[in-house]
Amino acid sequence: MELLLGLITGIIWGYIFQRARILRFEKHIGLLTLKDLTILKFLLTGVIVGAVGVNLLAHFGLVTYAIKPTHVLANLLGGVIYGLGWAILGYCPGTTGGALAEGTYDGFFGILGGLVGAAVFAHTYDFWAAKVLPVGDLGKVTFPALLHAPTVPVALIFAGMLIVFCLVLERFGL
Amino acid sequence: MKNGWSPYLGGFLTGVLLIASVLVTQHLLGKPHYLGTSTAYVRVAGLIEKATSPESLNLAYYQKYVPKVDWKVMLVFVGVPLGALIAALKNGEFQNRLVPTRWRESFGPNPALRALAAFIGGFLIVYGARLAGGCPSGHGLSGMSQLSLSGFITVAGFFIGGIPLALILYRRRR
Chain Y
1 MELLLGLITG IIWGYIFQRA RILRFEKHIG LLTLKDLTIL KFLLTGVIVG AVGVNLLAHF
61 GLVTYAIKPT HVLANLLGGV IYGLGWAILG YCPGTTGGAL AEGTYDGFFG ILGGLVGAAV
121 FAHTYDFWAA KVLPVGDLGK VTFPALLHAP TVPVALIFAG MLIVFCLVLE RFGL
Chain Z
175 MKNGWSPYLG GFLTGVLLIA SVLVTQHLLG KPHYLGTSTA YVRVAGLIEK ATSPESLNLA
235 YYQKYVPKVD WKVMLVFVGV PLGALIAALK NGEFQNRLVP TRWRESFGPN PALRALAAFI
295 GGFLIVYGAR LAGGCPSGHG LSGMSQLSLS GFITVAGFFI GGIPLALILY RRRR
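The listed protein sequences correspond, in order, to chains Y and Z.
Here the first sequence is numbered in the numbering used here, starting from 1 and rising by one per residue.
Here the second sequence is numbered in the numbering used here, starting from 175 and rising by one per residue.
Accuracy of the hints is not assured; some may be wrong.
As the list claims (entries may be wrong) - If you want the footprint, here are the derived chain Z segments under chain Y, 3+ residues with CB under 8 Å: (1) 206-216; (2) 246-258; (3) 266-280; (4) 293-306.
Claimed, not checked - For lysine-lysine, the following BS3-like pairs were computed, each having C-alpha atoms within a straight-line distance of at most 25 Å: (5) Z:K205 <-> Y:K131; (6) Z:K205 <-> Z:K238; (7) Y:K140 <-> Z:K238; (8) Z:K238 <-> Z:K224; (9) Z:K205 <-> Y:K140; (10) Z:K242 <-> Z:K205; (11) Z:K242 <-> Z:K224.
What the hints assert, rightly or not - Chain Y stretches covered by chain Z per the calculated footprint, using a threshold of three residues with CB under 8 Å from any CB of chain Z: (12) 26-36; (13) 50-63; (14) 69-75; (15) 122-131; (16) 137-146; (17) 149-162.
Simulated from the structure, these hints should not be mistaken for laboratory data.
By construction, the Cβ of each residue, glycine as well, lies at the ideal position given by its N, Cα and C atoms.
Let the hints inform the model, and build the full structure from the sequences given.
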């Protein structure tokens, strides 16, 4: 059942990725060179819907959260390393396989590099766990917890801010 | 490139997919599965190491992420490629290229150079994502939807690393 659900979810997601051009190298590099914001619009719209939906469902007790812990230095440093790789590869871990399946064969080498990267990380994890993960280790914190504010209103305000941001992008033809 | 979807439609559907996935997995599997992709690389890398150097499985990281085919492996390595392939074939958009057009404009048509760069980029995105604890799906979509601080820090890191390097790498056009 678990594997079947993963498969079905993936097929739908891959279909969406392909139709919305999220698999394209040109779109990723377009975002990072600030010329084409397709990927950003896609991500932010997903977050708008996700933030409203997930937090409302959680509020009514229908789902639980799976918050990733905050390790300020590791989050930031890992994010920057990711960003450097992103600029070179032009895909992300979820879209590389889709890009390959769309007939962009450099995705194969991206996946190969990703698997080696994962293995090397497993072999160097102890170093990061000892030296970097403890820096700014705040646990599973969220904005509502930091602001001492109820979750649903914070989610709605956040979603509203993102909607305004997207409207501004469209207003200026970006 | 003409008949694709708006990124807002694609993002909206991805948000709906996130909510549906969390709701369905919460009730059918007893644990919510938020969309995320980079741990799938760890599982598969672990499976390869299990076959080639079984002593690696003693590593703390493989104890934490036990090598196996799970929901995410099906999502990332089977589902997304399958969905992307269906969408590409159905719409006559199969690419059949190794060197993306935008890459070629800056670095020329050499396939070995592109393959090497894709490998290095793939290595960095997965290594960085594992250090940060997630990728644009896990930290970006799922993390920001849950209003998790770690998601916002990591996504900031993606752009802090990615934008300057992309502006340098793709500045020159042949």
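Going down the list of hints, with the structure as the test:
{"no.": "1", "hint": "206-216", "in the structure": "holds (count 9)"}
{"no.": "2", "hint": "246-258", "in the structure": "holds (count 13)"}
{"no.": "3", "hint": "266-280", "in the structure": "holds (count 11)"}
{"no.": "4", "hint": "293-306", "in the structure": "holds (count 14)"}
{"no.": "5", "hint": "Z:K205 <-> Y:K131", "in the structure": "31 Å, violated"}
{"no.": "6", "hint": "Z:K205 <-> Z:K238", "in the structure": "17 Å, holds"}
{"no.": "7", "hint": "Y:K140 <-> Z:K238", "in the structure": "18 Å, holds"}
{"no.": "8", "hint": "Z:K238 <-> Z:K224", "in the structure": "15 Å, holds"}
{"no.": "9", "hint": "Z:K205 <-> Y:K140", "in the structure": "17 Å, holds"}
{"no.": "10", "hint": "Z:K242 <-> Z:K205", "in the structure": "18 Å, holds"}
{"no.": "11", "hint": "Z:K242 <-> Z:K224", "in the structure": "10 Å, holds"}
{"no.": "12", "hint": "26-36", "in the structure": "holds (count 6)"}
{"no.": "13", "hint": "50-63", "in the structure": "holds (count 8)"}
{"no.": "14", "hint": "69-75", "in the structure": "holds (count 6)"}
{"no.": "15", "hint": "122-131", "in the structure": "holds (count 6)"}
{"no.": "16", "hint": "137-146", "in the structure": "holds (count 7)"}
{"no.": "17", "hint": "149-162", "in the structure": "holds (count 4)"}
Going through the hint list in order, the structure does not satisfy hint 5, though it satisfies all others.
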